[in-house]
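Can you build the whole structure from these sequences, using the hints too?
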Amino acid sequence: MAKHSIFFGILLILVGAGGYIASHPHAPTALIPAVIGLILVICGIVVLWNPNLRKHVMHVAALISLLGAIGSGMRAWPHVGQLLHGTAPLPLATASQTITAVLCLAFLILCIKSFIDARRAR
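The numbering of the sequence shown is this note's numbering, which starts it at 66 and goes up by one.
Restraint-style ranges between C-beta atoms, simulated for each label pair:
1. Gly151 - Lys178: 31 to 37 Å
2. Val100 - His150: 29 to 35 Å
3. His121 - Leu149: 35 to 41 Å
4. Ala183 - Val100: 26 to 32 Å
5. Ala183 - Leu79: 25 to 31 Å
By construction, these hints were calculated from the structure, which means they are not laboratory data.
Every value quoted in this text rests on a predicted model; they were computed, and no experiment measured them.
For each residue, glycine too, the CB sits at the ideal point set by N, CA and C.
Structure representation (structure tokens):
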């Protein structure tokens, strides 16, 4: 799961950096996905350096992805329909929030599956 954490973290960093660069004037809140991604990357690196911490660190990564999915999903959900129709008031923000929610949710699902598999293997 450490490699998954790093992979999803890098994707979230790219979403945050892309949103920040694309927004004019540059909105600091566009970097929120990058902060979530940075935490996931750090969690993945910590697990690679010290496998004994895997259980605890990956639970932290799952919690961060849960918070990211809930936070960005709640912000994006009311405007997703408008985004698809091209009438969203802030299309860049809505797209970034939607992508962040989907990435965080996908990582969270992988974490839960991994936790279940580890439990069954014991």
